[in-house]
Amino acid sequence: MSDSEDLELQALQRQLDDAFETTRPRPGFEDELWTRIQAHRPASTRLRDAWMGLIQGIREAPAVPMGAVAVLLVVVLGVSVVTLSGVHIGGGSGTTASLSSGDQQQFGPEAGRNGPPGAFGRLPSPVLNPVPDKATQPTMAVPSSAYAGPVTLTWTGKLDLKVTSAPVFRYSEPSTNAADQFGASLGAILRFRPTGYLGAYETTDFSVLVRGSVQSPAREPSFILVPIRALAPIDAAGGPTDVAVVFLAQHSLAPTWQYTAEPTPSGDQTQVLLQRQFAVAGYGYAHLVDGSGERYGVEVDLRGNTPTQATGPLPLSLDTASYPIITADEAVRSALASSPPVAASPAPSVALTTAELVYALVVAGDHSFYEPAILFSGSFTVDGKTYVKRVLVPAVDPSQRSS
Amino acid sequence: MLADRPLFEDLYRAYLGRIYAYVRAQVSSSADAEDITAQVFMNAYQAYARFEARNTTPAAWLFRIARNATLDHFRAHGRRERLRRTIEHQPMAEVDPSGMAEERILYRALLERVGQLPERQRDAISLRHSGLSFEEVGMLMKCSEDAAKMLYHRAVKGLREAVEKEGG
Numbered sequence: 017m018s019d020s021e022d023l024e025l026q027a028l029q030r031q032l033d034d035a036f037e038t039t040r041p042r043p044g045f046e047d048e049l050w051t052r053i054q055a056h057r058p059a060s061t062r063l064r065d066a067w068m069g070l071i072q073g074i075r076e077a078p079a080v081p082m083g084a085v086a087v088l089l090v091v092v093l094g095v096s097v098v099t100l101s102g103v104h105i106g107g108g109s110g111t112t113a114s115l116s117s118g119d120q121q122q123f124g125p126e127a128g129r130n131g132p133p134g135a136f137g138r139l140p141s142p143v144l145n146p147v148p149d150k151a152t153q154p155t156m157a158v159p160s161s162a163y164a165g166p167v168t169l170t171w172t173g174k175l176d177l178k179v180t181s182a183p184v185f186r187y188s189e190p191s192t193n194a195a196d197q198f199g200a201s202l203g204a205i206l207r208f209r210p211t212g213y214l215g216a217y218e219t220t221d222f223s224v225l226v227r228g229s230v231q232s233p234a235r236e237p238s239f240i241l242v243p244i245r246a247l248a249p250i251d252a253a254g255g256p257t258d259v260a261v262v263f264l265a266q267h268s269l270a271p272t273w274q275y276t277a278e279p280t281p282s283g284d285q286t287q288v289l290l291q292r293q294f295a296v297a298g299y300g301y302a303h304l305v306d307g308s309g310e311r312y313g314v315e316v317d318l319r320g321n322t323p324t325q326a327t328g329p330l331p332l333s334l335d336t337a338s339y340p341i342i343t344a345d346e347a348v349r350s351a352l353a354s355s356p357p358v359a360a361s362p363a364p365s366v367a368l369t370t371a372e373l374v375y376a377l378v379v380a381g382d383h384s385f386y387e388p389a390i391l392f393s394g395s396f397t398v399d400g401k402t403y404v405k406r407v408l409v410p411a412v413d414p415s416q417r418s419s
Numbered sequence: 003m004l005a006d007r008p009l010f011e012d013l014y015r016a017y018l019g020r021i022y023a024y025v026r027a028q029v030s031s032s033a034d035a036e037d038i039t040a041q042v043f044m045n046a047y048q049a050y051a052r053f054e055a056r057n058t059t060p061a062a063w064l065f066r067i068a069r070n071a072t073l074d075h076f077r078a079h080g081r082r083e084r085l086r087r088t089i090e091h092q093p094m095a096e097v098d099p100s101g102m103a104e105e106r107i108l109y110r111a112l113l114e115r116v117g118q119l120p121e122r123q124r125d126a127i128s129l130r131h132s133g134l135s136f137e138e139v140g141m142l143m144k145c146s147e148d149a150a151k152m153l154y155h156r157a158v159k160g161l162r163e164a165v166e167k168e169g170g
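As you go down the protein sequences, you meet chains A and B in turn.
Numbering-wise, this note's numbering puts 213 at position 197 of the first sequence, and it's gapless, one number per residue.
Numbering-wise, this note's numbering puts 82 at position 80 of the second sequence, and it's gapless, one number per residue.
Since the hints were made in silico from the structure, they are not lab data.
Hints are not guaranteed to be accurate.
[To be verified] Computed list of chain B residues with no C-beta within reach of chain A, every gap over 10 Å:
id : residue
1  : 56
2  : 58
3  : 78
4  : 122
[As the list claims (entries may be wrong)] Coverage of chain B stretches by chain A, computed from C-beta distances (three or more under 8 Å per stretch; other residues unrestricted):
id : region
5  : 32–42
6  : 63–73
[Said to hold, decoys possible] On the chain B side, residues computed to face chain A include the following (Cβ under 8 Å):
id : residue
7  : 113
8  : 131
9  : 145
10 : 152
11 : 156
12 : 159
13 : 162
Glycine included, each C-beta is placed from N, C-alpha and C at the ideal position.
Please model the entire structure based on the sequences and the hints provided.
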């Protein structure tokens, strides 16, 4: 072999070294695969790893009294057993996702930390969706014939707010890792990460898309589950709502929060909406409403007894803090002041007749909030068409609000 | 003894990239490389309880699993089927930013040429440049260290000729 040939071969070998060293999986693959591996760990292996980690930690630690080591062993092993068994200890958990299928039904949302009153600081205010300019015409209506143009408001209803404070709930924006854990809890494998989503997952039976919070219209992190092939009909005695709940339970997606069920049939299809509620001590349950003032939660679409789609909020751990809220009189004054007097005569006059305590989502970056609000409603008719006017008044005392 | 060997996660973090690169040099798409790499570490995780550090190095052990998984992959699907699927998936790969990023790397073409070498030559180059010693390459390919060296050098020469022939 000539010197030049030798040099060429050496150059090629260096290129090969570089080629192999620079060929790596896409960013995120390492953590995704590790999550999948973790999902396949048998409990005995997890316990062994926890044990080995503990032993290693003790070896590396400076000398401590043996009694303290014994106590530490008991505590850590106790925690390990509880963690491995899937039992969640309420409060104090630093994790953001509450993904165990063994979550117990509870009064209110998923357990998180309970903070002292006002623990989240000043809060951004919830609002109904902004309405386009043309909505000043009475014929413009947002979905469900809701009306958002200028009106002259009056209040003829009765609002009884005996509570002086209400909880605010906060969640942390889930990471792709949390979404992967959610996918793994369904037995689904990550396929890819579409733009705008945390991940797309699949089992042999269905696909699941997971996305994070949406700023406008405000929507919490959510999933959408679509069967890949026709699923078998579900035999449930209680009608569409039971079919929907059984389907969700089969996939560990049954809500852990309180809800009211509203099935809406249309031909051979039924949309079952499990409307989410939040517990307020001294008041009862308050519905969660979206940017249009509509109640929402988990939705399951059925054709006959066969589920065709399910969508709902990602199960997340919620921190809680109590906040002072305004009085009923203050709420009414705010509602009436929300629509300033209109000089033009065509502005319709609307009597707000109902009001209820609700919860509305405020998306605010890394942390978002479910905040109490008062939703006023009244219907009116223009040119023979009936509209609904809704006014959302933030319930948290103005001194605790940033906007 | 459990304490004689590294935690599996340490092994995983240390070797994932190298295993992926080895597999990627054998198959024609990054999607297949990911699938096989995932299978490698799933299998390794299941088998780690039986891993004996005194009999082999963790690298040789993992690359043996990777080699078997890659061979299984070819056996299961056949090269023709792989080619068809690769062509079918080409548009998808192009819109995948991570796929594009990988395709842009400087040495992609070189690895593709490695992938076109005869199987044993391809294997020798891939194992050697994934960081294994000739002794380990020989162990995995069931030949002596000297035979592994000879095979490797023949493979590099063959690769150089292929590069020259294609004007690379």
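Outcome of the hint check:
Non-interface call for residue 56/B relative to chain A: holds, since the shortest CB-CB distance, roughly 19 Å, exceeds 10 Å. Distance to chain A confirms residue 58/B as a non-interface residue, since its nearest Cβ pair spans about 21 Å, more than 10 Å. At roughly 17 Å from the closest C-beta of chain A, the C-beta of residue 78/B stays outside 10 Å, upholding its exclusion from the interface. Here residue 122/B stays apart from chain A, with its beta-carbon at least about 16 Å from theirs, past the 10 Å limit.
Here the region 32–42 of chain B counts 5 residues with a CB under 8 Å from a CB of chain A, which clears the bar of 3, and the coverage holds. Three residues within the 8 Å Cβ limit are the bar, and the region 63–73 of chain B against chain A gives 0, so the coverage statement is violated. Among the interface hints, the one on residue 113/B holds; its C-beta lies about 5 Å from the nearest C-beta in chain A, closer than the 8 Å criterion. Nearest Cβ of chain A to the Cβ of residue 131/B: about 4 Å, under the 8 Å cut. The hint holds.
The beta carbon of residue 145/B comes no nearer than 20 Å to any beta carbon in chain A, farther than 8 Å, and the hint placing it at the interface is violated. Evaluation of the residue 152/B hint against chain A yields a violated restraint, the C-beta minimum of about 14 Å exceeding 8 Å. The beta carbon of residue 156/B comes no nearer than 11 Å to any beta carbon in chain A, farther than 8 Å, and the hint placing it at the interface is violated. This hint holds: residue 159/B has a C-beta 7 Å from the nearest C-beta of chain A, less than the 8 Å allowed.
Among the interface hints, the one on residue 162/B holds; its C-beta lies about 5 Å from the nearest C-beta in chain A, closer than the 8 Å criterion.
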